[in-house]
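Order-wise, the sequence lines are chains A and B. So the first sequence is numbered by our numbering: it starts at 1 and just counts up by one. So the second sequence is numbered by our numbering: it starts at 1 and just counts up by one.
Hints listed in this document are in silico derivations from the structure and should not be mistaken for laboratory results. Fair warning: there could be bad hints in the mix.
[What the hints assert, rightly or not] Straight-line distance between alpha carbons at most 25 Å, and here's what the computed BS3-like set of lysine-lysine pairs gives:
1. K17/A x K55/A
2. K34/B x K328/A
3. K109/B x K210/A
4. K333/A x K293/A
5. K34/B x K333/A
6. K17/A x K51/A
7. K210/A x K323/A
8. K54/A x K497/A
9. K51/A x K282/A
Being a predicted model, the structure only gives us computed values, none of them experimental.
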Amino acid sequence: MTEPAITEDLIEAHGIKPDEYAEILNILGREPSFTELGIFSAMWNEHCSYKSSKKWLRTLPTDGPQVICGPGENAGVVDIGDGQAVVFKMESHNHPSYIEPYQGAATGVGGILRDVFTMGARPVAAMNALSFGRPDHPRTRALVHGVVEGVGGYGNAFGVPTVGGELRFHTAYDGNCLVNAFAAGLADADKIFYSAASGVGRPVVYLGAKTGRDGVGGATMASAEFDETIEEKRPTVQVGDPFTEKRLMEACLELMQTGAVISIQDMGAAGLTCSAVEMGDKGGLGVRLDLEKVPTREENMTAYEMMLSESQERMLMVLDPAKEAEAKAVFDKWDLDFAIVGETIAEDRFLIMHHGEVKADMPLTKLSGSAPEYDRPWEPTPPAEPLGDVPEIDPVDGLKALLSSVNYGARTWVYEQYDSQVMADTVATPGFGAGVIRVHGTDKMLAFTSDVTPRYVRANPVEGGKQAVAEAYRNLSAVGALPLATTDNLNFGNPEKPAIMGQFVGAIQGIGAACSALDMPIVSGNVSLYNETDGTGILPTPTIGAVGLIAADETPILGRAREGDLLLLVGETTGHLGQSALLAEVFNREDGDAPAVDLEAERRNGTFIRENRDWIAACSDLADGGLALAAFEMAHASGIGVQIDAGDTPTLFGEDQARYIIAAGFDAAEALMIAAGQAGVRLQTIGRFGGTAVQLGHSQASLGELRLAYEGALAEAFA
Amino acid sequence: MKAVVTVFPGSNCDRDMKVALERAGCSVTMVWHKDTALPEGTDLVAVPGGFSFGDYLRCGAIAANAPILAPLRAHAERGGYVLGVCNGFQVLTEAGLLPGALLRNAGLKYICRTVGLSISTTNSVFTSAYEQDARIALPIAHHDGNYFADEATLDRLEGEGRVAMRYTDNPNGSARDIAGILSENARVLGMMPHPERAAESAHGNEDGARLFAHLTEAVLRA
């Protein structure tokens with residue numbers, strides 16, 4: 001089949017800039033073939049190459065005694081003791097989900113699960129951080145239904161419990177929703193599988209589903225801004241098949257037991273191209289592929305299509321040739337395709353043959369290692385304008401406005417569409433704080449959270465970046481888990497705009513500082529840029545996913561407040577209302593600075609919670625919505641009323657950081673006071689639990705009435 | 001007691017079922033869907049939850065034709081015990097071992113939540129752990145749990161005391177609030193709720209543990 005001639009239009013259509021094309025000519029010493037152009041486009045786009053972000057990502061802390069494998073592999077690997085490891089990562093599927101919500105979200109979940117089991121870990125927990133436009137935007141309703149069903153449709157069938165996540169609505173996401181999928185798995189620390197190939201002349205094996213034309217050019221699409229041609233991009237979204245993925249996982253984990261697997265890489269963005277290049281590049285080897293051996297589900301697929309297809313549920317492996325028969329038997333058992341499609345070669349070469357014809361012949365290392373890297377100009381975000389006057393509000397009215405909003409109402413309508421208990425190790429289901437699962441067959445537990453407050457990041461990227469990590473740290477500490485490590489999913493607008501690049505740089509600086517101070521290194525992550533539609537960017541949204549450990553001899557803090565318990569507040573309250581939930585939801589204002597984050601106080605207060613767990617009946621961190629919302633949520637979860645003495649707006653709705661609320665009996669509260677004094681932690685008794693009313697200062701409402709509004713908020717908007 | 005758990009390629013509650021049965025004192029063997037025989041001396045066959053063959057069409061329809069169904073059917077015909085949970089219940093109805101069908105939930109959404117149930121008969125080894133009309137709570141997690149049968153079948157099931165349990169607040173549109181039904185000899189139970197997810201203190205709910213414990217005891221006594 002003849003390939004199209006290389007023209008300027010064709011180059012531009014591949015998202016390749018003129019200077020990048022000049023570099024291609026320089027590398028090859030000739031004009032690229034059509035297939036080669038496609039391969040360069042796939043490898044050098046933002047999604048695969050991180051060309052705008054690499055310089056800054058390198059500044060993040062990625063080391064620590066607990067880290068077994070940091071960024072650069074399919075997922076991060078962290079030691080959890082007893083020879084076990086937790087393997088996790090978060091990744092975005094924003095653009096595909098906006099174009100085709102069900103399949104976009106489903107394949108996002110599929111992709112992140114594959115990243116985890118590719119490393120030899122069985123997925124045991126999932127989370128999803130979702131950002132949508134305003135509820136009355138014409139696309140939002142269909143996106144919410146489609147994305148939530150897609151997340152559930154894939155995860156539920158695959159059989160991994162979804163134990164947490166985030167859900168927000170803001171007009172900045174009207175034209176560009178965010179779908180950030182997190183997955184974590186368990187493995188033996190000495191049985192982790194990596195992507196680096198080794199050994200010359202070893203078979204390169206293709207496993208899993210057949211290759212079709214779906215997703216051709218997906219990674220390039222994901223690196224472009226949207227405009228009115230969006231509907232034309234629908235064919236670039238892949239279709240997910242969780243049943244095949246489930247079999248692929250079981251087969252891979254079984255195969256890994258046999259010792260046949262030398263290296264393994266899943267086919268995600270840019271499919272066969274990216275996985276083959278990755279394995280060769282990391283192993284210092286070349287790769288030859290014979291495309292006629294690739295299992296296909298459509299006829300007459302060209303080399304270009306096969307190399308760029310993003311069909312799901314596929315893997316590439318380098319196998320020990322001596323164990324080929326054993327490997328094939330495993331895949332036959334699970335009725336999956338298994339084909340030797342090439343071999344490793346000694347020279348630095350990526351050689352693509354199709355029916356004996358050379359379709360691409362290029363130096364392999366130039367495709368990833370030498371991909372372009374930019375030091376994009378950036379402007380620091382100017383300091384936020386000072387906060388204007390905030391009128392006092394009746395506190396119960398303020399609380400009602402928050403808890404009946406789509407942003408702060410109960411998430412039940414969404415979480416009930418996800419299986420949160422499959423694998424029968426779920427200890428805390430989503431809804432109130434971090435999700436907790438037991439490490440199967442042990443008394444250890446892992447806690448999971450995902451956090452970011454995009455309004456803060458926009459107002460002050462550095463403090464906002466810190467805050468995202470600090471909130472994750474608090475959510476883990478509040479269930480009694482020691483925060484171990486972090487994955488970041490950095491969603492921003494167009495990095496070619498210096499103001500956007502400034503948000504990115506600031507957020508990275510804040511995240512880096514917080515991860516260092518709180519000892520939760522970044523072990524994996526993903527960057528999603530160009531989240532813009534018709535030139536308008538999203539709120540900067542660096543989602544932080546974090547994992548914490550509850551040791552076998554520790555109890556988690558998962559209790560509820562009881563009648564007569566005191567309500568204690570940990571941390572300093574100054575009444576910071578800038579960028580608060582109250583301002584946004586009640587006054588429709590987003591002004592002022594983000595709250596400052598005192599990382600030392602975060603560490604001190606988090607440690608205090610974890611060390612005094614035995615005195616604590618119930619605990620929750622304070623985040624957006626402040627004291628009033630957190631106290632209501634605890635009362636709601638506990639099924640009893642709460643009374644807080646203070647009635648002023650800054651105390652009840654301010655969003656100062658490094659704070660928690662605790663429910664404790666009288667004697668326990670005494671003990672906590674003494675411990676707090678010794679630890680230099682600010683601790684105050686500010687109210688009590690009991691009865692059936694929620695009372696804030698002199699204003700009150702029945703818990704039952706508030707619960708109805710809270711539980712119904714999302715269903716009313718979307719059901 | 002010797003129990004086996006059937007494993008289809010898309011089963012995902014198979015391990016959970018094994019753990020719950022073992023906690024109750026059973027010895028458990030996993031059997032692959034391509035197997036054509038059950039182990040000697042099998043007392044109970046448990047068909048677990050999941051998405052047996054992806055279930056993109058009718059849930060359980062392909063599994064109902066898998067090779068393992070022939071020995072399972074023979075086991076049931078001999079009077080052996082069979083427990084189908086969630087997808088397992090769907091498989092048993094598709095295989096004709098239990099009457100009726102499980103349709104898409106009335107709300108057209110997947111539902112994962114703990115629901116209230118009332119025990120409608122204690123006249124089976126599966127439900128004799130509980131008092132008649134006892135209220136228990138078990139998790140459900142399904143997209144297709146809306147039990148359907150024609151009126152005559154429903155009347156017969158009720159008349160013969162074969163409704164095992166009912167929802168106290170029907171979550172999925174099931175006819176006559178039915179959450180689980182028994183075979184004529186009361187030795188085959190299909191139920192949508194997941195007792196294996198309420199089987200130990202770490203689950204925060206042990207209502208399901210009693211089902212497994214009592215079942216194991218009763219079979220051993222028999």
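Quiz item: Checked against the structure, which of the hints given earlier come out wrong?
Solution: 3
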